[in-house]
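There are 2 protein chains.
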Amino acid sequence: MSDLQDLTRKLQKQTDSKIVLLVADGLGGLPIEKGGGTELETAKTPNMDALAKEGTLGLSTPVLPGISPGSGPGHLGLFGYDPLEYQIGRGVLEALGIDFELTPDDVAIRGNFCSIDAEGNISDRRAGRVKSEIASKLCEKLDQIEIPGVEVFVRHVKEYRLVIVFRGDGLGGNVNDTDPQRTGVPPLAPVGADGPSQRTAEICTQFLEQAREILKDDQPANLLTMRGIDMKPNVPPLSEVYGLRAGAIAVYPMYRGLARLVSMDILDAGQTLDDQMARLKAAWDDYDFFFVHFKYTDSTGEDGNFPEKVRRTEELDACIPKIMALNPDCLIVTGDHSTPAKMKSHSWHPVPVLLWSDLARPDACDSFGETQCITGGLGQFPAKYLMGFAMAHAGKLEKFGA
Amino acid sequence: MSDLQDLTRKLQKQTDSKIVLLVADGLGGLPIEKGGGTELETAKTPNMDALAKEGTLGLSTPVLPGISPGSGPGHLGLFGYDPLEYQIGRGVLEALGIDFELTPDDVAIRGNFCSIDAEGNISDRRAGRVKSEIASKLCEKLDQIEIPGVEVFVRHVKEYRLVIVFRGDGLGGNVNDTDPQRTGVPPLAPVGADGPSQRTAEICTQFLEQAREILKDDQPANLLTMRGIDMKPNVPPLSEVYGLRAGAIAVYPMYRGLARLVSMDILDAGQTLDDQMARLKAAWDDYDFFFVHFKYTDSTGEDGNFPEKVRRTEELDACIPKIMALNPDCLIVTGDHSTPAKMKSHSWHPVPVLLWSDLARPDACDSFGETQCITGGLGQFPAKYLMGFAMAHAGKLEKFGA
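So the protein lines, in turn, are chains U and Y.
Numbering-wise, my numbering comes out as the position in the first sequence, counting from 1, plus 44.
Numbering-wise, my numbering comes out as the position in the second sequence, counting from 1, plus 44.
Just chain U, same shape as in the assembly (with noise of 0.2 Å):
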């Protein structure tokens, strides 16, 4: 629990202002070619720029400097929680990728399908890449597999990946994966660090005996792998920590799932930016917080395509009218992480960070970009400060000692 968590359990407010958290992800970039701009500058964002006049700018450090987040941490930080006191096991965020509810009794595990040969030591840790609609149907045999004491539930993701969750009381997450990360050795044996996670690596080695009889003639994909074997951390509450009442507009399940980790509400997003906006409108008066997730400046970012990222942001622009229309009283337009088309990945550098308010204090900035969000009014600060502005700038947290 942070600091600044400790603030807003005390000083939240209830009031009928809206604050609505635009996530563009990946939003941050990097220029392609030397003296040039980087996506978000390069983008043609009337819309934005107005509010980049009225309002503030700054950046936001997701982690710490130099550390590329993943979604998961670039998330939490934006919802005001500190992504190294509340991790998330790869096996929870695959979870939370599939739209897979989970409940505190759950142990998640991302699973990979591999060949093991006749000795059985692994010959090819992807299982050659097994098709995914091979995949999915040997997903369903291991679905039937029965463990006393537990609920076993195995879900398909994509290719050779897949989800296994185990639900029953007493589970650890602490187990080491069992892929040996290199072919020519067998699998590792599951161990629990603790009583409970001794508890899970057994039911582990149960499954993986029985899933080793189900698949042993489904070459390439003969045995599978588990690696981070987790539960998902206990997040407390948006709605405790800042008495807000939230909602959240995600088309991708991930980030429905990293909404639901929080414990905002889930609703139904729709396909395209436009059926976020209608969805935004329709829900306006039910809730005090809105994340509307958009994920194409990551994607495009992720594809090295510079352009795309471009037109992308120019799309996401095309909205901000929509919402200004319902009245905000604070919009905060931002990504979880940086993802620059010429680094093809998640990066490091700092956040361009958008916040339009009444009481936004204005800054020099006339356009919404990185080298602007440097000398904006916010500065750089750490991600998970953001929902400090944002309580603040929408009036919803008393004042600190008399």
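Incorrect hints may have been included.
Note that the list lumps identical chains together, so a pair holds whenever it fits in one copy or between two copies.
In silico DSS-like pairs for lysine-lysine, Cα to Cα no more than 30 Å straight-line [unchecked claim]:
#1 Lys443 / Lys388
#2 Lys388 / Lys260
#3 Lys185 / Lys54
#4 Lys57 / Lys202
#5 Lys78 / Lys325
#6 Lys88 / Lys181
#7 Lys386 / Lys260
#8 Lys57 / Lys388
#9 Lys185 / Lys57
#10 Lys88 / Lys78
#11 Lys62 / Lys78
#12 Lys57 / Lys443
#13 Lys443 / Lys202
#14 Lys54 / Lys388
#15 Lys386 / Lys78
#16 Lys185 / Lys386
#17 Lys388 / Lys78
#18 Lys386 / Lys97
Hints are computed from structural coordinates only; laboratory data are not their basis.
Following the hints, position chain Y against chain U.
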């Protein structure tokens, strides 16, 4: 004890150099009109602008991003104490505000005169906002209350507000408010959360029984409720933490009280800024550090009076040459928090800081205002680090490490 104070304890150095901390209460502001300047930016401040050109600017965050501080946390931060570590209860602040000198054995309580009906239920939580001339006489009667083992002090504040202090060995400050925050119910019984606080609660109970008898014919003020029951925080003296002989020149008792909390000497401030400047000159040789407090940038902000806050800022600017004539080694002009006239209240917006010293590294700023402060050389920093800058620029800190 904060990290910086760990260091200043070890590295402090006695010198003849002088530091002046000029606090314009509530200094930071907001534009009233879109595209306009803040109060500080609108004010004509040629003297501070000249210092800004030679010195360096910055912005301080009193507590945490988004948190609007009261006067207590605001000033503790300026004096170098983490306001989250040293919290000041309402009763203590009320006692400080009437120049009552608290000892470490004192429990201070904010009292509110209230009206109770024949059934003992509260019918008015503020006793019809009883007039000060009546309430002060009632306080004199209550001041006669005797309780074995403790000294009792009752002092009138204003209208229905009073301060009660119990002085004795082994008291605790962890007692609930007796004000039920609504009418039609009796006051709550005081309950202590630990041994020493149980003793305090018993004394509160005895006091309230006697008060009920004494006030029984004094409708509408025929009882009182107790709030903010607390002992003063154990704040280490400024002399020990920084090795400073510090003098406070504040017209208003609250700020003398806050200075007393960190063991400054309280100097006679007179009534006007001119009086304060005369005192500063007269005491110049006796101290290393002067805290000079100017109230009216806050009170005009609280009133929502933008032009008057501008005028008061100009009044402050006019005193700068008198300070500079004394040849301070380091002069800091800042506030304890922002009080934008637009909001008529304290706010979370970071606070403009101007630091002048012959050793200040210049920045590109050439006038003192919020927008310029964003790009000032001190950056944006937690207020509790300001004393580090002050000490350094006055040559009062040795090198850390070899």
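Is the C-alpha distance from Lys443 to Lys388 at most 30 Å within one copy, between copies, in both cases, or in neither? between (44 Å within a copy, 13 Å between copies)
Is it within a copy, between copies, both, or neither that the alpha carbon of Lys388 lies no farther than 30 Å from that of Lys260? neither (38 Å within a copy, 74 Å between copies)
How would you classify Lys57 and Lys202 at a CA-CA limit of 30 Å: within, between, both, or neither? Cα proximity of Lys57 and Lys202: across copies only (28 Å, versus 44 Å in one copy).
Can you give me the call for Lys185 and Lys57, within, between, both or neither, at a CA distance of at most 30 Å? neither (51 Å within a copy, 39 Å between copies)
Please sort Lys57 with Lys443 into within, between, both or neither, judging by C-alpha distance up to 30 Å. within (10 Å within a copy, 37 Å between copies)
Intra- versus inter-copy proximity for Lys388 and Lys57 (alpha-carbon distance at most 30 Å): between (42 Å within a copy, 18 Å between copies)
Is it within a copy, between copies, both, or neither that the alpha carbon of Lys443 lies no farther than 30 Å from that of Lys202? between (50 Å within a copy, 22 Å between copies)
Given a CA cutoff of 30 Å, do Lys88 and Lys181 count as a within-copy pair, a between-copy pair, both, or neither? Neither way: Lys88 and Lys181 sit 46 Å apart in one copy and 71 Å across, limit 30 Å.
Given identical chains, is Lys185 near Lys386, meaning Cα to Cα at most 30 Å, within a copy, between copies, both, or neither? neither (42 Å within a copy, 66 Å between copies)
With identical chains, the pair Lys386 and Lys78 could be close in the same copy or across copies; at 30 Å between alpha carbons, which is it: within, between, both, or neither? within (12 Å within a copy, 38 Å between copies)
Alpha-carbon proximity context of Lys386 and Lys97, limit 30 Å: Both: 28 Å inside a copy, 19 Å across copies.
Within a copy, between copies, both or neither: where do Lys62 and Lys78 come within 30 Å Cα-Cα? For Lys62 and Lys78, only the inter-copy Cα distance (21 Å) is at most 30 Å; the intra-copy one is 41 Å.
Consistency note: the structure conflicts with the earlier hints numbered 2, 3, 6, 7, 9 and 16.
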